[in-house]
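**Student:** Sequence:
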Amino acid sequence: MSESQPTASLPPEEPSDEERVHDADTEHNVRELAAVPSVEVISRAAVMLMSAAAEKLGLAEEDPDNAPTRDLDEARRLITALAGLVTSSVEYLGPHAASVRDGLQTLQRSFREASTEPDPPGQGPGERYTGPVH
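Counting from 1, one number per residue, gives the positions in the sequence shown under the working numbering.
Please keep in mind that the hints were generated in silico from the structure rather than gathered at the bench. Watch out, some of these pointers could steer you wrong.
[Stated by the list, open to error] What follows is a list of derived Cβ distance ranges for each label pair:
| # | residue 1 | residue 2 | range |
| --- | --- | --- | --- |
| 1 | D73 | Q105 | 16 to 26 Å |
| 2 | D17 | L72 | 38 to 48 Å |
| 3 | P15 | Q105 | 30 to 40 Å |
| 4 | T106 | P15 | 44 to 54 Å |
| 5 | A98 | E19 | 42 to 52 Å |
| 6 | S38 | L72 | 25 to 35 Å |
| 7 | T87 | E18 | 40 to 50 Å |
| 8 | L33 | D73 | 27 to 37 Å |
| 9 | V39 | S16 | 34 to 44 Å |
| 10 | S16 | H134 | 20 to 30 Å |
| 11 | P95 | P68 | 47 to 57 Å |
This one's a predicted model, so the numbers in the text were calculated from it and none came from an experiment. Even glycine gets a Cβ: it sits at the ideal position worked out from N, Cα and C.
Please model the complete structure; the sequences and the hints are all you need to start from.
**Tutor:** Here's what the structure looks like:
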(Lines of atoms letter the chains of each structure in order from A and count residues from 1; the text may use other names and numbers.)
(Lines give C-alpha, C1' and ligand atoms only; values in the text may rest on other atoms or scores of the structure.)
Protein backbone atom coordinates (compact mmCIF):
# COMPACT_ATOMS: atom_id res chain seq x y z
CA MET A 1 0.00 0.00 0.00
CA SER A 2 1.41 3.36 -0.88
CA GLU A 3 1.00 6.50 1.11
CA SER A 4 -0.86 9.34 -0.49
CA GLN A 5 1.35 12.13 -1.59
CA PRO A 6 0.56 15.63 -0.37
CA THR A 7 -0.64 17.78 -3.19
CA ALA A 8 0.93 21.11 -3.70
CA SER A 9 -1.57 23.88 -3.29
CA LEU A 10 -1.29 26.93 -5.42
CA PRO A 11 -1.25 30.26 -3.65
CA PRO A 12 -4.48 32.18 -4.07
CA GLU A 13 -4.46 34.45 -7.06
CA GLU A 14 -4.26 38.13 -6.21
CA PRO A 15 -6.98 40.29 -7.77
CA SER A 16 -5.84 42.56 -10.55
CA ASP A 17 -5.84 46.32 -10.14
CA GLU A 18 -8.86 46.48 -12.44
CA GLU A 19 -10.74 43.98 -10.25
CA ARG A 20 -9.87 45.96 -7.13
CA VAL A 21 -11.12 49.20 -8.69
CA HIS A 22 -14.34 47.49 -9.86
CA ASP A 23 -14.94 46.03 -6.38
CA ALA A 24 -14.32 49.42 -4.77
CA ASP A 25 -16.67 51.13 -7.25
CA THR A 26 -19.37 48.54 -6.61
CA GLU A 27 -19.02 48.89 -2.86
CA HIS A 28 -19.12 52.69 -3.17
CA ASN A 29 -22.21 52.58 -5.39
CA VAL A 30 -24.03 50.24 -3.02
CA ARG A 31 -23.28 52.52 -0.08
CA GLU A 32 -24.26 55.56 -2.16
CA LEU A 33 -27.55 53.99 -3.24
CA ALA A 34 -28.42 53.22 0.37
CA ALA A 35 -28.24 56.94 1.12
CA VAL A 36 -30.60 57.94 -1.72
CA PRO A 37 -34.20 58.59 -0.63
CA SER A 38 -36.80 56.28 -2.18
CA VAL A 39 -38.59 59.16 -3.90
CA GLU A 40 -35.38 59.95 -5.78
CA VAL A 41 -34.88 56.34 -6.84
CA ILE A 42 -38.48 56.18 -8.10
CA SER A 43 -38.13 59.53 -9.87
CA ARG A 44 -34.88 58.47 -11.54
CA ALA A 45 -36.46 55.24 -12.74
CA ALA A 46 -39.43 57.19 -14.13
CA VAL A 47 -37.16 59.65 -15.94
CA MET A 48 -35.15 56.78 -17.43
CA LEU A 49 -38.31 55.06 -18.66
CA MET A 50 -39.63 58.36 -20.07
CA SER A 51 -36.38 59.08 -21.88
CA ALA A 52 -36.16 55.58 -23.33
CA ALA A 53 -39.80 55.69 -24.49
CA ALA A 54 -39.28 59.08 -26.12
CA GLU A 55 -36.25 57.71 -27.98
CA LYS A 56 -38.22 54.67 -29.16
CA LEU A 57 -41.01 56.99 -30.36
CA GLY A 58 -38.40 58.94 -32.33
CA LEU A 59 -39.16 62.16 -30.43
CA ALA A 60 -35.47 63.08 -30.21
CA GLU A 61 -35.30 63.41 -34.00
CA GLU A 62 -36.46 66.26 -36.24
CA ASP A 63 -38.65 63.83 -38.16
CA PRO A 64 -39.94 61.20 -35.71
CA ASP A 65 -41.62 59.25 -38.53
CA ASN A 66 -38.23 58.51 -40.09
CA ALA A 67 -36.18 58.19 -36.89
CA PRO A 68 -33.76 55.27 -37.06
CA THR A 69 -34.43 54.47 -33.39
CA ARG A 70 -38.21 54.37 -33.75
CA ASP A 71 -39.65 51.11 -32.46
CA LEU A 72 -43.28 51.29 -31.39
CA ASP A 73 -43.30 47.80 -29.90
CA GLU A 74 -40.43 48.76 -27.58
CA ALA A 75 -42.07 52.13 -26.84
CA ARG A 76 -45.29 50.34 -25.85
CA ARG A 77 -43.42 48.21 -23.32
CA LEU A 78 -41.58 51.16 -21.83
CA ILE A 79 -44.72 53.29 -21.57
CA THR A 80 -46.60 50.44 -19.92
CA ALA A 81 -43.78 49.93 -17.41
CA LEU A 82 -43.75 53.66 -16.70
CA ALA A 83 -47.53 53.67 -16.20
CA GLY A 84 -47.25 50.82 -13.72
CA LEU A 85 -44.49 52.57 -11.81
CA VAL A 86 -46.28 55.93 -11.75
CA THR A 87 -49.64 54.45 -10.75
CA SER A 88 -48.19 52.36 -7.95
CA SER A 89 -45.92 55.06 -6.55
CA VAL A 90 -47.82 58.31 -7.15
CA GLU A 91 -48.41 58.79 -3.42
CA TYR A 92 -44.65 58.87 -2.81
CA LEU A 93 -43.77 61.34 -5.56
CA GLY A 94 -45.18 64.33 -3.72
CA PRO A 95 -44.85 67.55 -5.73
CA HIS A 96 -43.26 65.63 -8.62
CA ALA A 97 -46.35 63.48 -9.20
CA ALA A 98 -48.12 65.94 -11.49
CA SER A 99 -45.16 66.44 -13.82
CA VAL A 100 -44.45 62.70 -14.01
CA ARG A 101 -48.10 62.01 -14.83
CA ASP A 102 -48.07 64.75 -17.47
CA GLY A 103 -44.95 63.24 -19.04
CA LEU A 104 -46.59 59.82 -19.10
CA GLN A 105 -49.74 61.18 -20.74
CA THR A 106 -47.67 63.03 -23.33
CA LEU A 107 -45.91 59.77 -24.23
CA GLN A 108 -49.23 57.93 -24.41
CA ARG A 109 -50.66 60.58 -26.75
CA SER A 110 -47.48 60.57 -28.86
CA PHE A 111 -47.74 56.80 -29.17
CA ARG A 112 -51.36 57.09 -30.31
CA GLU A 113 -50.38 59.70 -32.93
CA ALA A 114 -47.45 57.57 -34.15
CA SER A 115 -49.55 54.43 -34.56
CA THR A 116 -50.89 53.69 -38.01
CA GLU A 117 -53.84 51.95 -36.35
CA PRO A 118 -54.34 53.55 -32.94
CA ASP A 119 -55.51 51.33 -30.10
CA PRO A 120 -59.08 51.76 -28.93
CA PRO A 121 -59.43 54.09 -25.91
CA GLY A 122 -58.34 52.28 -22.77
CA GLN A 123 -56.20 49.75 -24.64
CA GLY A 124 -53.15 51.88 -25.46
CA PRO A 125 -49.84 51.44 -23.68
CA GLY A 126 -50.26 51.71 -19.93
CA GLU A 127 -53.92 52.65 -20.16
CA ARG A 128 -54.97 49.64 -18.10
CA TYR A 129 -53.17 51.43 -15.23
CA THR A 130 -54.01 55.05 -16.02
CA GLY A 131 -57.37 54.81 -17.74
CA PRO A 132 -58.05 56.03 -21.27
CA VAL A 133 -55.89 58.86 -22.59
CA HIS A 134 -57.37 60.98 -25.37
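**Student:** Provide an ascending list of the numbers of those earlier hints which the structure does not satisfy.
**Tutor:** 3, 10, 11
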